[in-house]
Amino acid sequence: ESDIVVGSRYIRGGGVDAEWSFKRRFLSSSANRMIRVITGLKVKDVTSGFKAYRGNVLQKLDLDAFRCRGFGFQTEVAYACQRQGFNVAEHPIIFSDRTEGSSKMSANIMIEAVWRLSLLRIRGT
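Each residue of the sequence shown is one higher than the last, beginning at 39 in the working numbering.
Accuracy of the hints is not assured; some may be wrong.
[What the hints assert, rightly or not] Calculated pairs, DSSO-like style, for lysine-lysine (alpha carbon to alpha carbon, straight line, at most 30 Å):
| id | residue 1 | residue 2 |
| --- | --- | --- |
| 1 | Lys82 | Lys98 |
| 2 | Lys61 | Lys82 |
| 3 | Lys61 | Lys80 |
Source of the hints: derived by calculation from the structure; they are not laboratory data. Note that the structure is predicted; figures quoted are calculated from it, not measured.
The task is simple: from the sequences and hints, build the whole structure.
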């Protein structure tokens, strides 16, 4: 049994909508690989926003102590869960492009996430 299930684009059976441009595919997979290298996370799709947690997992985390906001927050949660030894499983998803609204992702958000996650890894926290 798993404590966390991640909807993954980067395992067999997973993927992204055919409408994604080469640039978007490249940026997504590159950011994912970079964060995996920085944090040492074993999950193949660390940037996926599709996650399900057992209630006791989130109760054991001190969410107020997390430093990242926005995009980096979900990766910091995954990092904390791995460090605490929670069981993680991945399930394939096909990620479709949004039909409404726009992305809030920016270069500043990405830089903040990489910086803060690097500090976490260096400090071993």
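To see whether the hints hold, each was checked on the structure:
1. Distance restraint check for lysine 82 and lysine 98: the Cα-Cα separation of roughly 24 Å lies within the 30 Å cut-off, and the hinted pair is therefore satisfied.
2. Between the alpha carbons of lysine 61 and lysine 82 the distance comes to roughly 20 Å, so the proposed pair stays at or under 30 Å and holds.
3. For the suggested pair lysine 61 and lysine 80, the alpha carbons sit about 25 Å apart, so the restraint of at most 30 Å is met.
When held up to the earlier numbered hints, the structure conflicts with none and fits them all.
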